[in-house]
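**Student:** If you read the sequences in order, they're chains A and B.
So the first sequence is numbered by our numbering: it starts at 67 and just counts up by one.
So the second sequence is numbered by our numbering: it starts at 67 and just counts up by one.
In short, the hints are calculated from the structure, not lab data.
Treat the hints with care, as some may be off.
Same chains, same names: a pair is fine if it fits in one copy or spans any two.
[Stated by the list, open to error] With a cut-off of at most 25 Å between alpha-carbon atoms, the simulated DMTMM-like pairs for lysine to aspartate or glutamate come out as follows: (1) Lys216 <-> Glu121; (2) Lys206 <-> Glu121; (3) Lys134 <-> Asp222.
These numbers come from a predicted model, not from an experiment.
There are 2 protein chains.
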Amino acid sequence: MASTDKHGDTEYRTSSSTPAPAGVDYFKFDVILRFVLFAASLVAVVVIVTGNQTEVILVPQPVPWPAKFRYTPAFVYFVAALSVTGLYSIITTLASLFASNKPALKTKLLLYFILWDALILGIIASATGTAGGVAYLGLKGNSHVVGWNKICHVYDKFCRHVGASIAVALFGSIVTVLLIWLSAYSIHSRVPK
Amino acid sequence: MASTDKHGDTEYRTSSSTPAPAGVDYFKFDVILRFVLFAASLVAVVVIVTGNQTEVILVPQPVPWPAKFRYTPAFVYFVAALSVTGLYSIITTLASLFASNKPALKTKLLLYFILWDALILGIIASATGTAGGVAYLGLKGNSHVVGWNKICHVYDKFCRHVGASIAVALFGSIVTVLLIWLSAYSIHSRVPK
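Chain A with its partners taken away, still in its complex shape (with noise of 0.2 Å):
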């Protein structure tokens, strides 16, 4: 009861002392997914990294093959751009929060969010998409290529993080959609009708 009365009283002190932007105010939402952004950066570039796996193999002789995410230019790529992604989303994390408190900054602040947040989206989407096809062709090799066969049998553990760390990178990607999507609602919420 008690929570239900000051939580109505937050809404209504808001709306009152910002008269000019009467728009919704989103930030709380932002704030939790572009931390939900760092985390699953971090998360996917631990995961690609941590997957170095070593198999015998015999070409001709029995030798250790190891297999090391930096020995694909494709996953080097992955890692450098969530690496980047991850720092991204601490800033603006940051500066989310920060802007809370001062509704003057917010209109401002929105516009470059959308403007970063789309350049990132190319980042992150793009490096998915390269390790993806990469990775694709490790789990599957490509008959039709004399000599790209698939390696994924013999490299369980390191495709098992390759893969689930391209997942955690792919729903990164959903989240700076979303983050998108949220800076342009409220930005538009704004525009008087």
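Fit chain B to the known structure of chain A by using the hints.
**Tutor:** What follows is chain B alone, placed relative to chain A:
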């Protein structure tokens, strides 16, 4: 001389008939960019589809061994994604042209443009990445994986077509980011200061 007068007249009439959303009108640039995106998607699809090349390979006796985009799942996804982008960009070019005479529609349309453009950016960027990852493998090979050799010294025409198509798709991704930026600026300019 007559055309200049007419142009100035139109601009005055537009700005005086829309007093509420006093933002700058970027719809002309929007139409141009969307048409450029359509052209880029079309070129990318046509170039990769026409890249078929057949070479005689000795495995173990000489056989003709064709290279086609549809033999590689990454390139199939690339063609599908760019076809969707092309179709989307025609529809939104028409929507943007249609809305340029209807000021009441514009703010709502700008919101929808940001929402859909963000989705399309995710699709085109991931498709460019997917095709790029596999194409890079074809160009350089991967010496850390047994058998994943480069093939572009044999399939030179096919690789040129794939490379050109990916370059055009990358340009299309950048145009999509610019479209989001344009819509964001446009909707931001309608929020009262």
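**Student:** Each hint needs a verdict: does it hold in this structure or not?
**Tutor:** Hint check:
1. When the C-alpha separation of Lys216 and Glu121 is checked against a cutoff of 25 Å, the pair qualifies both within a copy, at 15 Å, and between copies, at 23 Å.
2. In this assembly of identical chains, the alpha carbons of Lys206 and Glu121 lie at most 25 Å apart whether taken from the same copy (19 Å) or from different copies (24 Å).
3. Proximity of Lys134 and Asp222 under a CA criterion of 25 Å is satisfied intra-copy only: 13 Å inside one chain copy versus 30 Å between copies.
Checked against the numbered hints given earlier, the structure satisfies every one of them.
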